[in-house]
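Participant: Sequence:
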Amino acid sequence: RGSLVYEQVEKITFKRDERISIRILQALGLLQDHRLRHQQDRNIGEKEELCQKGQTGHGRVHGMSFECVF
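Using the working numbering, read the sequence shown as starting at 953 and increasing by one per residue.
There could be a bad hint or two in this list.
Distance ranges between label pairs, derived from CB positions [claimed, not checked]:
(1) LYS1005 - THR965: 57 to 65 Å
(2) GLU962 - HIS986: 32 to 40 Å
(3) LYS963 - GLU1019: 40 to 48 Å
(4) GLN992 - LEU956: 53 to 61 Å
(5) TYR958 - ASP985: 36 to 44 Å
(6) HIS986 - SER955: 44 to 52 Å
(7) ARG968 - ARG989: 39 to 47 Å
(8) LEU956 - ASN995: 32 to 40 Å
(9) ILE964 - LEU1002: 55 to 63 Å
These aren't lab readings, by the way, just hints derived from the structure by calculation. Idealized CB from N, CA, C, for every residue including glycine.
Work out the full structure, taking the sequences as your base and the hints as a guide.
Facilitator: Structure, rendered in structure tokens:
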């Protein structure tokens, strides 16, 4: 009987830990998405700034190439 109780407690603990792990992975995914969107917005802003300053032709911002179109 004691081992049955132990197994039940172990299953409950495993399920709880599994839910916590899933939530952590979801939170990390959201943080990465936010960081990526922020970086993309910054890159776009820098490209627009360079184009507005009269930069023509091709350029690079953070390793990504772009072209100013007028």
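Participant: In ascending order, which of the hints set out earlier in this document are inconsistent with the structure?
Facilitator: Hints 3, 7, 8 contradicted; others consistent.
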